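There are 2 protein chains.
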Amino acid sequence: MDKICFGIDVGGTTVKCGMFRTDGTLLDKWEITTRTENGGENVLPDIAATVISKLRGKGFKEEDCSGIGVGIPGPVMRGVVPVAVNLHWGEKNVEYELGQLTGMKVRAANDANVAALGEAWKGGGEGHDELIMVTLGTGVGGGIIINGKIVEGIHGAGGEIGHMHVDDHITELCNCGHSGCLEQVASATGIVRLAREELTLDKETDSDLRTGELSAKAVFDAYKEGDLIASRIVNRFARYLGTALANIAAVIDPDIIVIGGGVSRAGECLTDIVGNYYRNIAFSSCQATPIVLARLGNDAGIYGAAKLVID
Amino acid sequence: MDKICFGIDVGGTTVKCGMFRTDGTLLDKWEITTRTENGGENVLPDIAATVISKLRGKGFKEEDCSGIGVGIPGPVMRGVVPVAVNLHWGEKNVEYELGQLTGMKVRAANDANVAALGEAWKGGGEGHDELIMVTLGTGVGGGIIINGKIVEGIHGAGGEIGHMHVDDHITELCNCGHSGCLEQVASATGIVRLAREELTLDKETDSDLRTGELSAKAVFDAYKEGDLIASRIVNRFARYLGTALANIAAVIDPDIIVIGGGVSRAGECLTDIVGNYYRNIAFSSCQATPIVLARLGNDAGIYGAAKLVID
Numbered sequence: 000m001d002k003i004c005f006g007i008d009v010g011g012t013t014v015k016c017g018m019f020r021t022d023g024t025l026l027d028k029w030e031i032t033t034r035t036e037n038g039g040e041n042v043l044p045d046i047a048a049t050v051i052s053k054l055r056g057k058g059f060k061e062e063d064c065s066g067i068g069v070g071i072p073g074p075v076m077r078g079v080v081p082v083a084v085n086l087h088w089g090e091k092n093v094e095y096e097l098g099q100l101t102g103m104k105v106r107a108a109n110d111a112n113v114a115a116l117g118e119a120w121k122g123g124g125e126g127h128d129e130l131i132m133v134t135l136g137t138g139v140g141g142g143i144i145i146n147g148k149i150v151e152g153i154h155g156a157g158g159e160i161g162h163m164h165v166d167d168h169i170t171e172l173c174n175c176g177h178s179g180c181l182e183q184v185a186s187a188t189g190i191v192r193l194a195r196e197e198l199t200l201d202k203e204t205d206s207d208l209r210t211g212e213l214s215a216k217a218v219f220d221a222y223k224e225g226d227l228i229a230s231r232i233v234n235r236f237a238r239y240l241g242t243a244l245a246n247i248a249a250v251i252d253p254d255i256i257v258i259g260g261g262v263s264r265a266g267e268c269l270t271d272i273v274g275n276y277y278r279n280i281a282f283s284s285c286q287a288t289p290i291v292l293a294r295l296g297n298d299a300g301i302y303g304a305a306k307l308v309i310d
Numbered sequence: 000m001d002k003i004c005f006g007i008d009v010g011g012t013t014v015k016c017g018m019f020r021t022d023g024t025l026l027d028k029w030e031i032t033t034r035t036e037n038g039g040e041n042v043l044p045d046i047a048a049t050v051i052s053k054l055r056g057k058g059f060k061e062e063d064c065s066g067i068g069v070g071i072p073g074p075v076m077r078g079v080v081p082v083a084v085n086l087h088w089g090e091k092n093v094e095y096e097l098g099q100l101t102g103m104k105v106r107a108a109n110d111a112n113v114a115a116l117g118e119a120w121k122g123g124g125e126g127h128d129e130l131i132m133v134t135l136g137t138g139v140g141g142g143i144i145i146n147g148k149i150v151e152g153i154h155g156a157g158g159e160i161g162h163m164h165v166d167d168h169i170t171e172l173c174n175c176g177h178s179g180c181l182e183q184v185a186s187a188t189g190i191v192r193l194a195r196e197e198l199t200l201d202k203e204t205d206s207d208l209r210t211g212e213l214s215a216k217a218v219f220d221a222y223k224e225g226d227l228i229a230s231r232i233v234n235r236f237a238r239y240l241g242t243a244l245a246n247i248a249a250v251i252d253p254d255i256i257v258i259g260g261g262v263s264r265a266g267e268c269l270t271d272i273v274g275n276y277y278r279n280i281a282f283s284s285c286q287a288t289p290i291v292l293a294r295l296g297n298d299a300g301i302y303g304a305a306k307l308v309i310d
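So the protein lines, in turn, are chains A and B.
Numbers 0 to 310, taken from numbering that gives the first Met the number 0, label the letters of the first sequence in order.
Numbers 0 to 310, taken from numbering that gives the first Met the number 0, label the letters of the second sequence in order.
Don't take every hint at face value.
[As the list claims (entries may be wrong)] Covered stretches of chain B, as calculated for chain A (at least 3 residues, CB under 8 Å):
1. 143-152
2. 164-176
3. 297-308
[Unchecked claim] To give a feel for the contact side, a few chain A residues facing chain B, derived at Cβ under 7 Å:
4. G152
5. I153
6. H154
7. S214
8. A217
9. V250
10. I251
11. F282
[Said to hold, decoys possible] Partner residues aside, some chain A positions facing chain B, computed with beta carbon under 10 Å:
12. E151
13. S206
14. D207
15. A243
16. D254
17. A281
Rather than coming from a laboratory, the hints here were simulated on the basis of the structure.
On a predicted model such as this, the values are computed, not experimentally measured, just so you know.
Note that the Cβ used here is the ideal one computed from N, Cα and C, for glycine as well.
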């Protein structure tokens, strides 16, 4: 019988679970609630219970299973989480504890990094072992894959693309405590920030953005309609992001760059304009590196987590 | 008998050669001339001849030798050099050709990357498997080590730190064809460029730099003497470099950062001031990452090359 494995993406409210064949075929997908009470003491036992129940329910035995991969919303260093605020966890050795609970091999990594691995395995970067993924959501996350493996970093900070310093003139503080981070200009909230600035700088020009709720989606919708103010905002965003990606590419020279997260739902107009700025800046060898949209959406985490236990 | 190996650092005028025990002990070190005539056709045969002659001369046999590592001044992709201008080479499969000539295992990589591996093995970054090295010479080179291995990049451009974009206002072109590269403000020639700017901007303030030849060394010498203009120059340099290093650290989160090359002879005052700017910008998890001076000088290449054929 083919081997199977589990990919688990732990979030602050739900735990997304996937059962996979080791060739990457998704066999089943479900969610459980993340019970964060009492320091999140139930999170790993709940995962162990749902995995074992699913395994048995589908008629598999423990020896059919390659293991359980887990994505965690926080830094992970060699299987250990120092702290995960959204789960109410202090230090937790996820690989050891979940391994004890299930008797299976467990591998854990940071959720943004795991999503990058998922996109490299079966998503927008399928078939590429050297990849940059940037996730544009409420914040800006990311993951670096080299030689098919996550670059975890010595403090679990690998792939913290959102905290690259991209502007000396921003004085407002980022969540990280510094100012001028990519996250402040390229996340959904960052794009709204740029929009407010542009609308204040130019009070004359007509713009759809002067009415209704300002959001990254509204900005990209207006951009697609040819709105001049929206075009300025999107160009600023794309310049920041394209430059940051070019700077990462100069250092690790990846095979492909994948852009995901809610903001990426804007579609190919986003990769097109970011690509224009990227190519204008990128070191010659890296200029042709493709920039593509993520394909797995919210499933990137379960795919990447499953891949952690496969090789 | 302990195994030995060879580390070869090929330059445009000389080939530096080292014979090592596989524990990293340097047994012998010598140089031969790089014969670049006729498309550099003699370079690899000359290396083969000197290696075999040294091996036999020291009483070793081929089976005592783990192999030959080679650093090349140009991009290297999986052992193949697409072009190496300084050697007058077009495409050359270094690993295959030198392997055929010697009957030994050969591994080749870019010289700046190899120097980084040398510093990670036996230099300023000894004992660290996750390292950024930046080499401040006529240009700015670099190498990234992850999991103890060079990040070569898909086009052989891994570690091209010098071509990170760090300034939108520079209009002069870099050798790479773009403008605003780190190399234009942090190499020896880049520091002279900053010095000329500062001396032109402020024609009043006394400075030792107004007499004698302008050089990166002169700037750092004056800086150590408390020269105000030199201090402005060094602070600008350090801000650019510290920011670039912080941005790389946010992405790969290394264990240590090593600064080498001629400019690094300025000593600890350089790592001190670059470290100040680095810590001011770096993502919190990476703020304490040490920034140290390279230790192997011109021998970094032979050490790193030797390491290519060990494990």
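field: Interface hint compliance - I251 of chain A to chain B, C-beta minimum distance less than 7 Å
entry: Holds, because the Cβ-Cβ distance from I251 of chain A to chain B comes to roughly 5 Å (cut-off 7 Å).
- request: Would you settle whether the hint for E151 of chain A is holds or violated, based on the nearest Cβ-Cβ distance to chain B being less than 10 Å?
  value: This hint holds: E151 of chain A lies near chain B, its Cβ roughly 8 Å from the closest one there, short of 10 Å.
- prompt: Measuring from the C-beta of D207 of chain A to each C-beta in chain B, is the shortest one below 10 Å?
  reply: Violated - the Cβ of D207 of chain A stays beyond 10 Å from chain B, reaching only about 29 Å at its closest.
message: Tell me whether the statement that chain A covers the stretch 297-308 of chain B is true, taking a Cβ distance below 8 Å and needing three residues at minimum.
response: violated (count 0)
- prompt: Within the stretch 164-176 of chain B, is the number of residues with a Cβ closer than 8 Å to a Cβ of chain A three or more?
  reply: With 3 residues close enough to chain A, the hint holds.
message: Does the closest beta carbon of chain B sit nearer than 7 Å to the beta carbon of G152 of chain A?
response: holds, 2 Å
task: Verify the interface restraint on V250 of chain A: the C-beta must sit less than 7 Å from at least one C-beta of chain B.
output: holds, 5 Å
- request: May I ask you to test the interface hint for S214 of chain A with respect to chain B, counting a Cβ-Cβ separation under 7 Å as satisfied?
  value: With a closest approach of 27 Å, the S214 of chain A hint is violated.
query: Does the CB of I153 of chain A sit less than 7 Å away from some CB of chain B?
result: holds, 5 Å
field: chain B contact restraint on A243 of chain A - CB to CB distance below 10 Å
entry: holds, 8 Å
- prompt: At a Cβ distance under 8 Å, does chain A reach at least three residues of the stretch 143-152 of chain B?
  reply: Answer holds; 7 residues pass the 8 Å Cβ test.
task: Answer holds if the nearest beta-carbon of chain B is closer than 7 Å to that of A217 of chain A; otherwise answer violated.
output: With a closest approach of 28 Å, the A217 of chain A hint is violated.
This entry does not satisfy hints 3, 7, 8, 13 and 14, going by the numbered hints stated previously.
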